[in-house]
Each structure stands twice: as C-alpha cells, then as structure tokens.
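Generate coordinates for the entire structure from the input sequences, incorporating the hints supplied.
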Amino acid sequence: MGNIVDYITPAGEIVFSFAIPIDTPETVGADKGVFAFAPGVAGTIEEVYVMAKTAPGADKTLTVDVNKGGTTIFTTQGNRPSLAGVNTEATSGTPDVTTFAKNDKFTIDVDVSTAENVVVDVIVLIRGKQKVV
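Counted the way the UniProt record's numbering counts, the sequence shown spans residues 1 to 133.
Hints may be right or wrong, so weigh each one.
30 Å max Cα-Cα, derived DSS-like pairs, lysine-lysine [what the hints assert, rightly or not]:
{"#": "1", "residue 1": "102", "residue 2": "131"}
{"#": "2", "residue 1": "53", "residue 2": "129"}
{"#": "3", "residue 1": "105", "residue 2": "53"}
{"#": "4", "residue 1": "68", "residue 2": "53"}
{"#": "5", "residue 1": "131", "residue 2": "68"}
{"#": "6", "residue 1": "129", "residue 2": "68"}
{"#": "7", "residue 1": "105", "residue 2": "131"}
{"#": "8", "residue 1": "129", "residue 2": "105"}
{"#": "9", "residue 1": "105", "residue 2": "68"}
{"#": "10", "residue 1": "68", "residue 2": "102"}
{"#": "11", "residue 1": "129", "residue 2": "102"}
Hints listed in this document are in silico derivations from the structure and should not be mistaken for laboratory results.
What follows is the structure, encoded as structure tokens:
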C-alpha cells in the first residue's frame, strides 16, 4: 500500500490518497494500521474513506480512527468513518485536524467493532492535498 497521486490541480497541488490496510479489523485496538503514513511534504487532509470486502453484518459496526502523532484527527467522534450493517464503504465527515507537516506520523485505530462477521480486506484511504515543491 502507499501513496497514490490522483491528479495535480492547476494551482500545483497534488491530490492524493494514501492507502493503509488494517490488521485484524474485528479486534478493537490502537495502531491497527499495518503501515504508518509519514508524508514527504506538508499538506491537508480532506477526508478518510474506508472500504472492506465483507460488511460487519446487520445492526453491527466497524469504526476506524486516524491519529497524527498519536492523537485523533477526529475530535468530533461522529465524523470518524464507520462501516455499518451491510455497507462495505464509508466516508468520514470533515476531520478536525486537517494540516500535517513533513514526516508527521499517521496510524490507524479500530475504535468500535461489533461485527458479527469477520470483516476482511479493510483498507483506509487518507485523502488530501499536498503542495508541489
């Protein structure tokens, strides 16, 4: 997994997605992201998208959190991306912490998992912009 450049804007910003797979998403815990994201240039985060091959199950939930330097970027907890029921995709609300500097470390937590099914192939995409240097 890694950084995916989606496109470059006329203003010279790289619009990116950084993909991080989750290890054992059915287990709640910190630092579940297999890869940490340490960007080479400063930028902003616009949203976080989560997708999975299987859904959590009826009336069940899988909620992930993104941390910068060990602290959530979603101080408004309801903005975290959450797979619910039969859904295999979810997009976050706007993160509260959106800026990052070169080499800031991002990790993924599983905050809520009431999944009755084993949720497999979970990928978290951090989407945002970086200025071309």
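Hints, one by one, checked against the model:
1. 102 x 131: holds (11 Å)
2. 53 x 129: holds (27 Å)
3. 105 x 53: holds (27 Å)
4. 68 x 53: holds (26 Å)
5. 131 x 68: holds (19 Å)
6. 129 x 68: Roughly 16 Å between the alpha carbons, so the hint for residue 129 and residue 68 holds.
7. 105 x 131: holds (18 Å)
8. 129 x 105: Holds, because 16 Å separates the two Cα atoms, which is no more than 30 Å.
9. 105 x 68: Within the cut-off at roughly 6 Å; holds.
10. 68 x 102: holds (12 Å)
11. 129 x 102: holds (13 Å)
Of the numbered hints listed earlier, not one is contradicted by the structure.
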